[in-house]
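Asker: Letter by letter, the chains look like this.
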Amino acid sequence: MATGGPLVAVKYLRPKLVCSFCLGMVLLPCGGLRLSHAQSTSEYQVKAAYLYNFAKFVEWPAREFPTPEAPIRLCILNDRSFETELSPIVKGKTVAGRPVSVISVQDGEQSRSCHILFINSSQSARARRILEVLRPASVLTVGESPKFVEEGGIINFILQDDHVQFQVNHKAANGAGLHISSRLLSVAKLVIE
Amino acid sequence: MTLLAPLAAGAKFFVTALIATVIVASAHAQIATPDLSEATLEQLGNIEVYSASKHLQPAGDAPSSVTVITIEEIQQHGYRTLADILQTVRGFFVTYDRTYTNIGVRGFARPGDFNTRILLLVDGHRLNNNIYDEAMTGTEFPVDIDLIQRVEIIRGPVSLLYGSNAFFAVVNIITRQSHDVKGLELSADAGSFNTYQGRISYGRDFHKLGLLLSGTFYGSRGHNRLFYPEFNVASSNNGIASHVDDDQVGSAVATISHGDFRLQGVYGTREKGIPTASYGTLFNNAGTRTTDSHEYVDLRYQHSFADSWDLLVRIFYDRYTYRGIYMYASALDPAQISPNVDMGDGKWWGTEVQVSKTVLERNRITAGSEYRDNLRQDQSNYNLNPFSLLLDGRQKSFVGAAYVQDELTITHGLSLNAGLRYDYYNATQASTDARIAFIYRPWSETAFKMMYGEAFRVPNVYEKYYSIPPNLPNPGLSPERIRTTELVWEQGFRNHLWLSASAFYNRINGLITQEPFAGDSLIFRNKQKIGSAGLEFEVRGQLSRGLEGSASYSVQKTEDELSHEILSNSPRNLVKLGLTQPLFNRKMFASLNAQYRSRMQPLVGNSVSPVSVVNLTVLTHALGKHLDLSGSVYNLLDRKYFDPAAGETVQQQIQQDGRGFRLKMTWRLGDR
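Each protein sequence line maps, in turn, to chains A and B.
Positions 1 to 193 (the working numbering) are the ones given, in order, by the first sequence.
Positions 1001 to 1672 (the working numbering) are the ones given, in order, by the second sequence.
Looking at chain A on its own, in the form it has when it is part of the complex (with noise of 0.2 Å):
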């Protein structure tokens, strides 16, 4: 006992199990990707796409365009990665005739100019404050938190079984006088009338 070696080491699993069983973890996902080709994606960019197609299949009171060719201004709150991941999405898109630029806001009075405005979870404790000075402006508010449109945001997503989906609170938008198109309503998973 002089050495006061450690007589705590005791070791009650086999080195050779162990390797036996780290090799066949490495071995699973190798054999499932080289059959499959599968690409896994992130949320974020599936959910820019979205934000893209929701251009699409909405419309706008004619008095939010100055003039035929203004841009559609798709505003993304406090959220510097998220634009990175969006810029390349739509960079040389037009969605009939306008071309869509992507604005950096801070707040509900800077999003008043937007004409889609995304809210990530990170915001969602502000989402409320933010919904309540948007309410008159025709905003499409789109959010990503439990209670988003029950708190009077239009759209939200939700993440079912690793896959990306949305609600709709078609009350709230004809509300902010904005047409949501049936095509977009048909593929949502809830719609609030």
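Derived by calculation from the structure, the hints in this document are not laboratory data.
Check the hints yourself; a few may be wrong.
Stated by the list, open to error - Residues from chain A that keep clear of chain B, each with C-beta distances beyond 10 Å, as calculated: (1) P61; (2) R63; (3) F65; (4) P68; (5) N78; (6) R98; (7) R112; (8) A137; (9) Q167; (10) H170; (11) A172; (12) N174; (13) L190; (14) V191; (15) I192.
Stated by the list, open to error - Just so you have them, the derived chain B footprint on chain A, three or more residues with Cβ under 8 Å: (16) 42-55; (17) 83-93; (18) 99-109; (19) 126-135; (20) 144-156.
In this text, a Cβ means the ideal position worked out from N, Cα and C, and glycines have one as well.
Assemble chain B onto chain A, guided by the hints.
Answerer: Showing chain B alone in chain A's frame:
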């Protein structure tokens, strides 16, 4: 070894069967990802995604420095207990005396108390019990780690919203809901020191009704031999504590939700053999052990009304019991054993109401009140051979509190958060606490926070009335108080990087601390002024689809302002590192975490050497996420290290575990 033969055969079978199944399954259809900008609505809905790690998005609007740990990190890093999670958090450190686990925060871990200065919540329900104020974070934590959806750690004094115990930090555990489990989930693991765990969970949504049921058993035989040189004499087995480190846990959770109502029942019990011969008990006697049980029901109603009203109402009933059996040599005949039984028995119910509303566009007002009635706070102690009652302390008390807070938007990017709270205790002094915070966000990814907060902790009945030698009671104890000033800078960078820097100064008045008294006795007293100052830095980052991780460094100095002595159990430097590398298209993750804790001075004796521990886990999702397999190595480098002991053991330092392993499998038998 014989126990492991079936396990080995089973593991081999599983691996073979799995490889075959995965090859067959993956040969079937996989949707090719279309060019996202050309994808139709229907195609977008069919793309399988991985969710981004939310921890990279700073809680920039919170008037505190916040850390969030998600279920993904818990699985990827193979954390076994809540203490394993907290060990990795900036400014936190964990010590274990082979009975209870203690959490230190920002230089504070008082010997002899039981995590009384952090408030532990499960879905907002207070877990600190009403006898010892103890936040249980080791295997004694009553919720299975697999049921945690996320852990939110809020630093600084948060008494404003939570009252007593929210002194250094609040740790809120958010549990998984019925729709997070969806179907049947089975989990089994086996680890070093003959440790086994099994869990069965079932979650389902029936229209509006959500149901989650889960039960867990955990058993660990512990170390076969633990050597304590302090007992190295023939009469105490040459210092070898043999087969006295066992640990058994049973726990269950049931959650029913319907609309805005949620009813949750939690039950957890743990029995632990004490190998350290604490409190002068006989060395190497398997009879010395403690059992802690906590059960509660909590009914919550949460509703958002039109006109920006939010309402939260909660009513709960809790029961906590502790029973310790301690084996002593009989004073009359040393050859005989005289067991001593030490008990704590707590019962309480309470209710909370919180409303918030936006007024005059710029103000979000939150007001609330709570009431807690401690129906029973009993402590007893008796000897069995011969029977003699040594303590029969019966206490009751209640607390009522009210608070109001305003979140005011001053101009673009600048907001003020201020509040006031009053707590009335029938058994001790009332407390009034204030908090004020300015949050300035000049740009979207930048936040500056300037915060001042006050908090308190009332003395608990253990500190006031426990009178078994060497403890002396002190019913005259007053609440201890803390004032914290903190500056925080949080900065996001485009390239998926987030940085936080924080400077804090804590001033504590009347710290309740255990001290030697009149020779051999110990007494809790309000100690005068303690000052503590420190800096913390943290960086979190994620490369696109690649490596993600975090690193933090904390430095602090905590001293008695009168004697200028550094407080015991207060490591000056802490370093944390966590890295996860996704492999094979995020079907597999290799994660490494490491912690360093600098030298610290225990209550008595030599200083505790610096500690660095590295843990490694490999996790695989297989069968379309129906099966998770993970393998972990804890203390990978097999470092020999010690944690400081409190006054109850002869040992001044307690040796910790060397290298250990765990293999874990989780099956999900539901639609994914």
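Asker: Would the non-interface assignment of R98 of chain A survive a Cβ cutoff of 10 Å against chain B?
Answerer: Answer for R98 of chain A: holds, closest chain B Cβ roughly 16 Å.
Asker: For the stretch 144-156 of chain A, do three or more residues have a beta carbon lying closer than 8 Å to a beta carbon of chain B?
Answerer: holds (count 3)
Asker: Was A172 of chain A rightly flagged as not at the interface, with every chain B Cβ beyond 10 Å?
Answerer: holds (12 Å)
Asker: For the stretch 99-109 of chain A, do at least 3 residues have a Cβ located nearer than 8 Å to some Cβ of chain B?
Answerer: holds (count 4)
Asker: A cut-off of 10 Å on Cβ-Cβ distance, and F65 of chain A was said to be off the interface with chain B. Does that hold?
Answerer: F65 of chain A is indeed farther than 10 Å from all Cβ atoms of chain B, at 22 Å.
Asker: Is the nearest CB of chain B more than 10 Å from the CB of P68 of chain A?
Answerer: Correct as stated: the minimum Cβ-Cβ distance to chain B is 23 Å, above 10 Å.
Asker: Is the nearest Cβ of chain B still more than 10 Å from the Cβ of V191 of chain A?
Answerer: Since the minimum Cβ distance to chain B is about 14 Å, V191 of chain A lies beyond 10 Å and the statement holds.
Asker: At 10 Å, judged by beta carbons, does R63 of chain A keep clear of chain B as stated?
Answerer: Answer for R63 of chain A: holds, closest chain B Cβ roughly 25 Å.
Asker: Are all C-beta atoms of chain B more than 10 Å from that of H170 of chain A?
Answerer: holds (16 Å)
Asker: Against chain B, does A137 of chain A hold up as non-interface, every C-beta pair farther apart than 10 Å?
Answerer: Non-interface label stands for A137 of chain A: nearest chain B Cβ at 15 Å, farther than 10 Å.
Asker: Would you assess whether Q167 of chain A, listed as outside the interface, keeps its beta-carbon beyond 10 Å of every beta-carbon in chain B?
Answerer: holds (12 Å)
Asker: So N78 of chain A supposedly isn't at the interface. Is its beta-carbon more than 10 Å from every beta-carbon in chain B?
Answerer: violated (4 Å)
When the structure is compared with the earlier hints, a violation turns up for hint 5 alone.
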